[in-house]
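Enquirer: Chains A and B, in that order, give the protein sequences. Read the first sequence against our numbering and you will find it ends at 505, with the numbers running on by one and no gaps. Read the second sequence against our numbering and you will find it ends at 505, with the numbers running on by one and no gaps.
If you are wondering where the hints come from, they were derived from the structure by calculation, not from laboratory data. A couple of the hints might just be wrong.
For identical chains, the list gives no copy identity; a pair is met inside one copy or between any two copies.
[Stated by the list, open to error] Simulated crosslink set (DMTMM-like; lysine to aspartate or glutamate; CA at most 25 angstroms straight-line):
(1) K92 / D170
(2) K212 / D179
(3) K92 / E276
(4) K92 / D186
(5) K91 / E276
(6) K272 / E165
(7) K91 / D186
(8) K272 / D116
(9) K441 / E234
(10) K91 / D334
Number of protein chains: 2
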Amino acid sequence: MQKKRVVIVGMGFGGVRAARALAGSGCDLLLIDRNNFHLFQPLLYQVASAGLEQESIAQPIRAMARQWPGARFTLTEVRAVDLAKRELQTDTGCIPYDYLILGAGSATNFFGLGTVQQHAFDLKELEDAEVLRNHILQAFERAVCEPDPARRRALMTFVIVGGGPTGVEFAGALIELVNFVLAKDYPELATHTARVVLVEAMDRLLAAMPEQLGMYTLKKLRSMSVEVLLNAQVVDADGERVVLHDGAVIPAHTLVWSAGVKAAPLAETLAVPHARGGRIPVEPDLSLAGYPEVFVTGDMAWLEQEGAVLPMTAPVAMQMGIYAARAIIAREQGNQLPPFQYRDKGSMATIGKNAAVASAFGMQLRGYPAWLAWLMLHVYYLIGFRNRIVVLLNWIWYYWFHERQVRLITRRKQHEA
Amino acid sequence: MQKKRVVIVGMGFGGVRAARALAGSGCDLLLIDRNNFHLFQPLLYQVASAGLEQESIAQPIRAMARQWPGARFTLTEVRAVDLAKRELQTDTGCIPYDYLILGAGSATNFFGLGTVQQHAFDLKELEDAEVLRNHILQAFERAVCEPDPARRRALMTFVIVGGGPTGVEFAGALIELVNFVLAKDYPELATHTARVVLVEAMDRLLAAMPEQLGMYTLKKLRSMSVEVLLNAQVVDADGERVVLHDGAVIPAHTLVWSAGVKAAPLAETLAVPHARGGRIPVEPDLSLAGYPEVFVTGDMAWLEQEGAVLPMTAPVAMQMGIYAARAIIAREQGNQLPPFQYRDKGSMATIGKNAAVASAFGMQLRGYPAWLAWLMLHVYYLIGFRNRIVVLLNWIWYYWFHERQVRLITRRKQHEA
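Isolated chain A (complex conformation) (with noise of 0.2 angstroms):
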C-alpha cells in the first residue's frame, strides 16, 4: 500500500474502530474529532443523574492513538466536505485526503419544536449530562428554599420525551437518584412527592425490542413510581410547564429530550442527496455514490438490509467503522470486500438495580441476569482500565451504599484571556 492519506473524522464507536483497523497498515492516518477525547455515550445518563464522573466514561483520544502506528490526531471541527477537490474545510485549515471515513455521528432532533428545543435539555455530549446534573441538584436546592407548594412540586418534577433505551435508562436512574439518595439528603423535603414523568408517543415502550421485554420494562418503572405516559407527545414548554399533545400541562422545571435523533450538521453541508432525518443514503460498501474513496459510517449513514434501515446505534456504527477500514486496505491491496452485512447481535436496557431487558440471538433476558449481562458488558465496552475501575467502583459503591459520589453542583466559569 502507498503512503495514501485517510482522514477519519469523528472518533466516537465507528471511529475508534476504524483506527484500530487501519493502524500499521502502512497508510497515513489522521484522525479529527471537535473534542480530545472519545465518550462512551452509553453512559452519559449516569453522569447525569450524578452516578459517574464525567471523566470514567471519556477516553482521550491521543492516549489510543500513540498505539496507533501511522496514526496522528487533530482537534478541530469539520465544517465542510469538497468531495471534488477532496479536501476538509477545518477551523483549522483545508485537510486533504485521499480516503475519507465519515463518522460525525448524530445530533438530537427536536422536530421543529421550537419552545421545546429552546427548554428541553438533551443527553448527547458531555457537557450535557454535567449541564443536567446541576441543573437537577440545584432543582431540589431551590425546593428547599420556595414557600409555595404549587412551585416546590414542579421544581420537583422530571419530564422526559421518548420511550427508547435513554429515556427508560435515564428515568430509572433518576427515580432511584431521588428515592435511595436524595430522600436523604433532603429530610425537609417530601421528596416521595417528586415526580418522573416518561412521556412516549407510541403504545409501548423500546420499540426495537421484543413486545414482552416492552412489557416488562413498563410493569417496572411503573413498580418503580416513575409514571409512564404512552401514546402522547410533548408540544409545547415554558421551563415551567410543559404541554401535552392534549393540552394537559404538567408544571415541571425540567424537560429532558430524547425523543429522536438526526445526523449531525456536517452531513448537511454534502452536496448529495439526503434521507430522512438528514442521513446520508450509502452503497452496499458503504461508500458514497460516485465517490468510491468516501465512506460514511455510523449514525450519519443510511442503508437499508433486510428491507428495514439500519438504526443509529454503537454496534452498527463499530461494525461499519470496522468495515470501511478493512475495505480501503483491500482496496489499495486491489481486492475487493462483499458488501457490508450488519450482524444484529441484539440490544439492551437496563431499567434499574438488578433489572434490565436484553434480546439477543432470539433469546430474552429480564430481571437480575439481563442487568448482570448489560453491567459486564458495558464495562467491556468502556475504553480505558482505569475508566473501568473507577465504573465499577462508583457501581459497587452505589450497590451496597445506596450512595452516589458524584452529586455536585459544579460552577462554570469563562477565562478572559
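Knowing the structure of chain A, use the given hints to seat chain B on it.
Expert: What follows is chain B alone, placed relative to chain A:
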C-alpha cells in the same frame, strides 16, 4: 443547652470541623455555603495538571450533614452580616443567628495588578482547576497547528508566580505532565522545549519552611528542568507575554498566579476594623471584639500568636473551627475555654515523583520519605472513602504507568432554560 441557632458560613476546613464538633450538641445547626460541596483545596493543583478528576477532591455537604444530628444545609451566598441585628443577608433571604461562625476563606490577591488579574489563571475554586487544565491542554493542541516557531514556543511556556507550596507543587506537577505524559501524546511537538517558569519575589522558595528544605526544593525543581527565578516579580501580562519587574519579557501563553491570598470579599462587608489582606482581627477566643457571639475562623481571621500572625493554612482553619465550636458549647454550659492556642504540626510540600519536603516538630524530611508522608497525610485528610480510593488509584496509575488519565478538554455550555 437551649435550642440556640448556630450558623456556620463556609464549609471549608474550618466549617466542616466546627460542624462536626457541634453536631448532636443540642443546637439548631445551620450550614451555609455557596457550593454544595466541601473542596479539598490542597489537591486542586492536581486537577489542573490532569492528575485527578474534580469529583474526587470534593465531597457533597449534604452527604456529611446527614451524619450530623441537628444540622441543616442551605446553598446560598452570604452578602452581608448585620452584627447589630444578628442576621445574615443572603441570596435566599435573611437568616438570623444566635451564634455565628464565619469561615468564608480567602480569595486570590493580585495586589492591584490589573492586567495580571485579567490574564492570569488562579487556583482557588474547583472550576478554576478545570478551566486551567482545559487551557493547558488546548495550548498544546494549538501548538500542533501553529506554524510560527516563536508562537509555538509561547504556547508551550507556562509562567507560575509564587514560590509557596501551591506554586512549587503545581510547577512540579506541570513539568512532569509535559515530560512524562504529553511528550508521548504529542510526538509531532518538541515538548522538551516546553518551559515551566516559577517566579518568586523573595530570594528563596517555601519561605515558611526551614532554609535547607527551600534549597533542596530549588535544586530538585531545577533538576526537573523547571526554570526558577528568585528575586523576581511579574508586573504585567497580556495573554501572550509576561513582563517582569526588570523589563524582561517572557513570551508565554499561560500565566498562573499563586503569589497571594486575601480574606474573602465577605470580610469587607463587616463594619469592623480590618488588618492586612482584609482579614478580621479576633480576640484570643476567636470572637469579634464587642460581638462575643460571632467567631471568625480560618483565612479570614487575623490573630497574632508568639509574635507572628497565624498563617492562612488548612491546619489553622481546622483547629480554629474546632475551637469555635467548643467555645460555643462551653459558653452555653456557663463555662469558658482557655484562649485559642494553635499547635503547629508542621508543613509539607510535594515537588514531584518520590520527592517532597516536610518539617514537623523540629524534624526535617526530604525526598522519598517526605513524599510518602505527604501522600499518606493527604489521603487521610481527604473526606470521603470513595474519594480516597479514586485518588489512590489515580496516583498508582501515574506512578506505575506515567499516565494521567484525566487529560480531557471539556467544553462549557450554558443552558438557556
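Enquirer: For every hint, state whether the structure bears it out.
Expert: Hint check results:
{"no.": "1", "hint": "K92 / D170", "verdict": "within (18 angstroms within a copy, 73 angstroms between copies)"}
{"no.": "2", "hint": "K212 / D179", "verdict": "within (22 angstroms within a copy, 33 angstroms between copies)"}
{"no.": "3", "hint": "K92 / E276", "verdict": "between (65 angstroms within a copy, 19 angstroms between copies)"}
{"no.": "4", "hint": "K92 / D186", "verdict": "within (6 angstroms within a copy, 76 angstroms between copies)"}
{"no.": "5", "hint": "K91 / E276", "verdict": "between (67 angstroms within a copy, 18 angstroms between copies)"}
{"no.": "6", "hint": "K272 / E165", "verdict": "between (44 angstroms within a copy, 24 angstroms between copies)"}
{"no.": "7", "hint": "K91 / D186", "verdict": "within (10 angstroms within a copy, 77 angstroms between copies)"}
{"no.": "8", "hint": "K272 / D116", "verdict": "between (55 angstroms within a copy, 19 angstroms between copies)"}
{"no.": "9", "hint": "K441 / E234", "verdict": "neither (32 angstroms within a copy, 50 angstroms between copies)"}
{"no.": "10", "hint": "K91 / D334", "verdict": "neither (61 angstroms within a copy, 52 angstroms between copies)"}
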